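Visitor: Listed below, chain by chain, are the residues.
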Amino acid sequence: MATDIKSISLSGRKKEVSVKEMTFMEKIYLPEIAKGMGITLRHFFKKKVTINYPEEKREFSPVYRGRHILMRDENGAERCVACGLCAVACPAEAITMVAAERKPGEEGLYREEKYASVYEINMLRCIFCGLCEEACPKDAIYLTEDLIKPDFTREGFIYGKDKLVMPLEDKIEKIK
Amino acid sequence: MDSFFLIEKGVLIVVIFAITMLIALYSTFAERKIAAFFQDRVGPNRAGPGGILQPLADGLKMFTKEDFTPDTPNKFLFILGPGLFMTTALLTSSVIPWGDTVNLFGREFNLQVADINVAVIFIFGVVSIGVYGIMIGGWASNNKYSLLGAVRATSQMISYEIAMGLSIISVLMMTGTLSLREISLQQYGFINWNEHWFSWYVFRQPLAFLIFLTCAFAETNRTPFDLPECESELIGGYHTEYSSMKLGFYLFAEYINMFISSAIISVLFFGGFNYPGMNWVNETWGINAVAFLGVVALFIKIFFFIFFYMWVRWTVPRFRYDQLMNLGWKVLIPLSILNIVITGGVILLLK
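Order-wise, the sequence lines are chains U and S. Per our numbering, residue 1 is the first one in the first sequence, and the count goes up by one each step. Per our numbering, residue 1 is the first one in the second sequence, and the count goes up by one each step.
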C-alpha cells in the first residue's frame, strides 16, 4: 500500500493545522484576555530570576575552569620547570615561555635547576579547556575559579608571570 | 471676586500641577518596574534605594541630550507639536473633582479647580485638541514615518472618540448632569440600599465601563492600541524626529494622559472620592476627615487603573490596524448604541 507523501512525518512531530471556527466565548475576546491577565499576574508575584551581580555572585560548578595560576611548592618556590608540555598541549596555542637556568642562591625561588623566566598566556586565545593542567608533570599550573578581568587593550590580556604566579602572601596564609 | 478665592484656586492649581507632574514622573519608573516584575526581573534598582531616583536620572538625561531639529520648513510647528500635546494633557485636570468639600479657616471650599456644568464635554473637547499635538508634530517632522504614525494616531483617536462619547451618553442619561462633581456626589458611599443598591456607576453601567475603558486605552495610545508608535513598522511613530526634551514632552504627556484618564474612569464609574463607610466617618471624625479619606480613596483608584494600564500592556499583544478599525467601528460603536437603547428603555420602565 502506497502511503501518501503528505502523511509521512520524518521528524515524528508533525501536527495537523486546525482552522476551526472560534467559539462564541473566544470571539467575545474578554474572557481570553482575563485568562491571559491571570497568567501575567501570577508572574508578577513569582520569585525573580535576576542575580544582582556585584553583590550576589552566581555559584560556580566545582569543576569550573577560570584564570590560570602558577603554583608554588610548600616552601614558596615556583614549581614550573619550563618543560613546555603545557604549550605543546594547548590547542589554542595561547602559552609561550622562555626557560632559564637557576643561579646559585636562588634555591628558595625556584624548586629545580630550570625555571621559566618568561611565562605568558594570552587570555583572548585561551579556551579554558584545562589541557595545560592535565599535561603538567610538576603540578605547576592550575585553573582557578576566578574570572578574567575586562581590559581596554588587547595587550592587557596577555598575562605574564606577574599576574599568573601565585602571590607569596597567599602561600604564607596557607601554611599558617 | 475676593482675594481669598484667587488664593484658594491658585494654591489648588499649583498643588494639582505638582501632583500631576510627580505622578507622571513616577509612572515612568513604575512602568519599568512593573514591566520587569511581569517578566520575572527586578527592574531598575541602582539609582537610590530601590531605584527611587531613577526618574530624576532619566529626566536629567533627557535634558542634556542634543536638541536636534530636522531640516523642515515648519520649525514653529515642530516646536508647537509637543507643547500643544503637553498643554492639552494638563488642561483636563482642572475639571476633575479631587475631593469632597473641606472646611478650613472658617470657610468651605471644594477640592476642584473649576466646577463647570459642561465638564464631560470640556474633557472631550480638550482630548480632541490633543490629536492636533500629534498631527502637527508628525507633519512638521518632514519624515514619512512620522507622518504615517501621526495619521494612524489621528484616525485611531478620532474613531475611538465616537465610541467613547456614545458609551458616556448612557451614563449621562442616568446622571442627568454633565458636571463631574454632581456625578461624583450621586455615587455617594458604596452601598445605598434605599435607592439603588450599589451606588457606583460601574455596577449600573458595566457595558459602558468596558467600552469606555477600551476607548481610553486607544485614546492614550497604550498597548494593545499603540499602533502610532509601533517600532517594528514605523521606527518610532510620530516622534521619530524628536529628541531631547521635546521627545520628553511627548513621552511625559502620554503618562499624564494615562493619569488623567485613570482619574476620569475613577470619577465616572468608580465613585471618584466616595468609599464604603462614609457616613460612619462623617459621624465620628467630621467633614474634613471625610474629604481627606476621599482624596486617598480617589488616588488609590487612580493608582489601580495606572497599574491596570501597565498590566494590560504586558499581557495583550498589539492589534493589527484593520482589526483595530473593525473593533472600533463594527463592535464598540454598535454596542454603545445598543447600550443607550437598553438604558433608555430601563429608565422609562422604572418611571
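FYI, nobody ran anything at the bench for these hints, they're computed from the structure. Every value quoted in this text rests on a predicted model; they were computed, and no experiment measured them. Built from N, CA and C at the ideal position, the CB exists for glycine as well. Please note that the accuracy of each hint is not assured.
[Stated by the list, open to error] With a straight-line Cα cutoff of 27 Å, these simulated DSSO-like cross-link-like pairs (lysine-lysine) come out:
| # | chain 1 | residue 1 | chain 2 | residue 2 |
| --- | --- | --- | --- | --- |
| 1 | U | Lys57 | U | Lys35 |
| 2 | U | Lys47 | S | Lys33 |
| 3 | U | Lys163 | U | Lys114 |
| 4 | U | Lys48 | U | Lys114 |
| 5 | S | Lys9 | S | Lys65 |
| 6 | U | Lys47 | U | Lys57 |
| 7 | U | Lys20 | U | Lys6 |
| 8 | U | Lys20 | S | Lys33 |
| 9 | U | Lys138 | U | Lys161 |
| 10 | S | Lys75 | S | Lys33 |
| 11 | S | Lys33 | U | Lys46 |
| 12 | S | Lys61 | S | Lys75 |
| 13 | S | Lys65 | U | Lys48 |
| 14 | U | Lys35 | S | Lys33 |
| 15 | S | Lys330 | U | Lys27 |
| 16 | U | Lys35 | U | Lys46 |
| 17 | U | Lys149 | U | Lys161 |
| 18 | U | Lys103 | U | Lys161 |
| 19 | U | Lys57 | U | Lys138 |
| 20 | U | Lys35 | S | Lys61 |
| 21 | U | Lys46 | U | Lys27 |
| 22 | S | Lys75 | U | Lys57 |
| 23 | U | Lys47 | U | Lys35 |
| 24 | U | Lys114 | U | Lys103 |
[What the hints assert, rightly or not] Cβ-to-Cβ under 10 Å is the rule here; a few derived chain S residues that face chain U:
| # | residue |
| --- | --- |
| 25 | Asp2 |
| 26 | Leu6 |
| 27 | Tyr26 |
| 28 | Ala30 |
| 29 | Ala36 |
| 30 | Leu210 |
| 31 | Trp311 |
| 32 | Thr315 |
[Unchecked claim] A few chain U residues that don't get close to chain S, going by computed Cβ distances all over 10 Å:
| # | residue |
| --- | --- |
| 33 | Ile5 |
| 34 | Gly36 |
| 35 | Thr40 |
| 36 | His43 |
| 37 | Phe44 |
| 38 | Lys46 |
| 39 | Val49 |
| 40 | Asp73 |
Visitor: None of the hints should be skipped; say for each whether it holds.
Guide: Hints versus structure:
no.: 1; hint: Lys57(U) to Lys35(U); verdict: violated (37 Å)
no.: 2; hint: Lys47(U) to Lys33(S); verdict: holds (15 Å)
no.: 3; hint: Lys163(U) to Lys114(U); verdict: holds (21 Å)
no.: 4; hint: Lys48(U) to Lys114(U); verdict: violated (54 Å)
no.: 5; hint: Lys9(S) to Lys65(S); verdict: violated (36 Å)
no.: 6; hint: Lys47(U) to Lys57(U); verdict: holds (17 Å)
no.: 7; hint: Lys20(U) to Lys6(U); verdict: holds (20 Å)
no.: 8; hint: Lys20(U) to Lys33(S); verdict: violated (39 Å)
no.: 9; hint: Lys138(U) to Lys161(U); verdict: holds (17 Å)
no.: 10; hint: Lys75(S) to Lys33(S); verdict: violated (37 Å)
no.: 11; hint: Lys33(S) to Lys46(U); verdict: holds (14 Å)
no.: 12; hint: Lys61(S) to Lys75(S); verdict: holds (24 Å)
no.: 13; hint: Lys65(S) to Lys48(U); verdict: violated (33 Å)
no.: 14; hint: Lys35(U) to Lys33(S); verdict: holds (23 Å)
no.: 15; hint: Lys330(S) to Lys27(U); verdict: holds (14 Å)
no.: 16; hint: Lys35(U) to Lys46(U); verdict: holds (17 Å)
no.: 17; hint: Lys149(U) to Lys161(U); verdict: holds (16 Å)
no.: 18; hint: Lys103(U) to Lys161(U); verdict: holds (19 Å)
no.: 19; hint: Lys57(U) to Lys138(U); verdict: violated (33 Å)
no.: 20; hint: Lys35(U) to Lys61(S); verdict: violated (39 Å)
no.: 21; hint: Lys46(U) to Lys27(U); verdict: violated (31 Å)
no.: 22; hint: Lys75(S) to Lys57(U); verdict: violated (52 Å)
no.: 23; hint: Lys47(U) to Lys35(U); verdict: holds (21 Å)
no.: 24; hint: Lys114(U) to Lys103(U); verdict: holds (9 Å)
no.: 25; hint: Asp2; verdict: violated (51 Å)
no.: 26; hint: Leu6; verdict: violated (46 Å)
no.: 27; hint: Tyr26; verdict: violated (18 Å)
no.: 28; hint: Ala30; verdict: violated (13 Å)
no.: 29; hint: Ala36; verdict: holds (8 Å)
no.: 30; hint: Leu210; verdict: holds (7 Å)
no.: 31; hint: Trp311; verdict: holds (6 Å)
no.: 32; hint: Thr315; verdict: holds (5 Å)
no.: 33; hint: Ile5; verdict: holds (35 Å)
no.: 34; hint: Gly36; verdict: violated (5 Å)
no.: 35; hint: Thr40; verdict: violated (5 Å)
no.: 36; hint: His43; verdict: violated (6 Å)
no.: 37; hint: Phe44; verdict: violated (5 Å)
no.: 38; hint: Lys46; verdict: violated (6 Å)
no.: 39; hint: Val49; verdict: violated (5 Å)
no.: 40; hint: Asp73; verdict: holds (45 Å)
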